[in-house]
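Based on the hints, put chain B in the right spot on chain A.
Protein chains in written order, with our numbering: chain A, 1259 to 1594; chain B, 425 to 621.
Calculated directly from the structure, the hints in this document are not laboratory data.
Fair warning: there could be bad hints in the mix.
[Stated by the list, open to error] Computed Cβ-Cβ distance ranges for the label pairs, DEER-style:
1. B:S595 x A:E1544: 38 to 48 Å
2. B:S556 x A:P1466: 38 to 48 Å
3. A:P1370 x B:E460: 47 to 57 Å
4. A:P1431 x B:D441: 26 to 36 Å
5. A:G1432 x B:P562: 42 to 52 Å
6. A:V1265 x B:E460: 19 to 29 Å
7. A:T1352 x B:R516: 20 to 30 Å
8. B:T578 x A:A1585: 18 to 28 Å
9. B:H598 x A:M1425: 31 to 41 Å
10. A:N1420 x B:V588: 35 to 45 Å
11. B:T497 x A:A1386: 43 to 53 Å
12. B:P589 x A:S1483: 45 to 55 Å
13. B:H455 x A:R1372: 36 to 46 Å
Quick caveat, the model's predicted, so the values are computed rather than measured.
Glycine included, each C-beta is placed from N, C-alpha and C at the ideal position.
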Amino acid sequence: MTDKEIVLVRAVRPADPPHDPAVKARAWARLHAEFTAPDTAPSPGARRTFHRSFGRRVAWRLVAAGVVAAGVAAAVVATQVGGPAPEQRPAARTVAQTLELAAERIEQQAAPTRPGPHQWIYTEAKSANEVAPGNRIAMLHNVKLRTWWRFDGRLMASSIGNGKLDMTRVLQPGERQRPGHVDDGYIGGPALWDSAPRKLYDYVAGLPSDPDALLARVRHDYHDSGKDVTTFGKIAEIFRDDRVIPPKKQATLYRALAKIRGVRIVHNARDYAGRRGIGLALDTAEEKTAVRKGLRPTPKPDVAELVLDPRTYAYIGDGTQAILSTAVVDKPGLRG
Amino acid sequence: MAITKPPGVVYDSVVIDASVTDPERFAEIFHRHWDEIYRYAARRLGPEAAEDVGAETFTVAFRNRGRYDTGRTDARPWLYGIATNLIRQHHRAERRRHESHARTDADWVSASFAEVSDARVTAELLGPRIASALAGLPAADRDLLLLIAWADLTYEEAAEALQVPLGTVRSRLHRVRKKIRRALGGVDPARLQEENR
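Here chain A stands alone, though its shape is the one from the complex (with noise of 0.2 Å):
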C-alpha cells in the first residue's frame, strides 16, 4: 500500500497490548464453556442460529449412534449362542419400556436436601476435553480431574489427577475483573455460569413433574424449532453439568426423553472411560439424508449423548466425558 494517507494512519497504529497470557487463558475458558453448553447464546439471533448449528451437531452424533445400535444389536444375537446372561440383554426392550424402568428405579431414592450455598459439588471425571486449572492453556485429555464447585457458582476448585488444587473465582455475566486487582484465577462467560450449581440446580428443581409439562417447559425455555433436537440437546446438557439432579426430576427426564420422536437406545453405548452402559441417542432424518447423501462423514462408533449404568440407571457420562465420583462435601478437597 503506497498512499500516503494510509500510511500515515498506520504510522499512529496504537503499541501491541503487553503480553500477558492470562488474557487468553480466559478467552479461551470462555470459548470451551460454549463446547459443552450449547444452550446459552445470549442473544436470540444467535441463539437461533447456534440451535440451528447445535442441532445440527446433535443430531449427527446421534444418527452415529444409531447406526452403530443397529450393528450391535446384530452382534448381540451372534453373541447370545455364546450365552450371556439374557436379563442382560435390554435389546428386547423399547425405549419407552427402558426409560420406564430407568424413571422406576431412580425416583425411589430417597431425595437429599438442596445443598447449602457454600457447600460445594465435588465431582471426579475424566473428560475428553477441559481447561487445565489455574487458567492455563492447555487442553487435558484422558486425565482423571477432581472439580469442587461451590454451590452458589462463585468458586471453583479443581485439580488434576492428585495435584495441587486450584482456586478459580467464576465471574457472572457482565461482572468484571476488580480493576487494578492483580489475579489471575477467575473465569467468566454465561455459558459458564449458566451450568453453575445453583443455577441449573433451581431450573432442574423448577421443572414440572409430568413429562408432557417439562416437555413443553424446555421446549419454550430453549425455543426448540418444533423438531425436540434442542430439547433433547437441552437434557443431555442438564445431565452433563448437574449432579444434584432431585431424583423426581430426574425420573420425570427419563419418561420425557422416552417421549421425544427419534430418541433411541444404543446397546453397548461407552461413556469417555470406556464402560459401558445403555446409551440414549436422537435420530433425524435430515441427518440420515445428509449421511446417505456424502453430505456428512460416516459417523464414529459407540457414541450416545447419555449413557446410564446398566444397573443403577444412574448417568454415568457420553463420549466424551466419565462422571467417576461425585458428592456434596462441606469444603474444597473433601470428597464425600
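Positioned in the frame of chain A, the structure of chain B alone reads:
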C-alpha cells in the same frame, strides 16, 4: 493471487467444517487466530475492552460456525468481520453510557470496561490531528480504513470481512483518503510523524 497449500497445513475452512460435528476442533481456530484478533481489538479499544471483544468474537464465531462459507480457506476475514461488529457495538454502548451518565455503582462491574475509543487511544499515543481525522470519519469508513492500516488486511480481505463488494472498498477508500487529506490540511506527513515521536 493463487493460493498454494503448504504441506501439512489444514485450512481453516476444513477445521471449521469439522467443528460442526466435533465442537472441540474449533479450539484450533482459536489458537491460530487469537493473538491477531486480540491485538487488533486492543489497538482499537485498549487492552481491557479488547479482552472482552476478543473472547466474544470467538464465541460468536463458534456459534455461527455452521454457516461458515467453506469455500474460504482463511478464516481471518470472517473473524475480523465479527470483531468489527463487536467493536461497533462497544462504541455504541460506550456512547449510551456517556449520554445517560448511568454508571453502575459497583465499580468493578463496569469500570475496567474503559471508555476508550479509537480517537482516544490514538490521541494518547500519537498525533491528535490524525486522531481527530479518524474520529471524524463515519463508522463504516473508519472500520474499513483501520482493517487495512491497522490489521494489514488486503482490499479483498477487507471486502470479505465487511461483506461489501471489492469495488465498494476501492471507492470508499478513495473517499476516505480525500477526507483525511482534507482534515490534515496540507500538513506534511513526514513532519507530523516526527512530531509524534
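task: Please flag the earlier hints that this structure goes against, numbers listed from lowest up.
output: The structure conflicts with hints 2, 5, 7, 8, 9, 10, 11 and 12, although it agrees with all the remaining ones.
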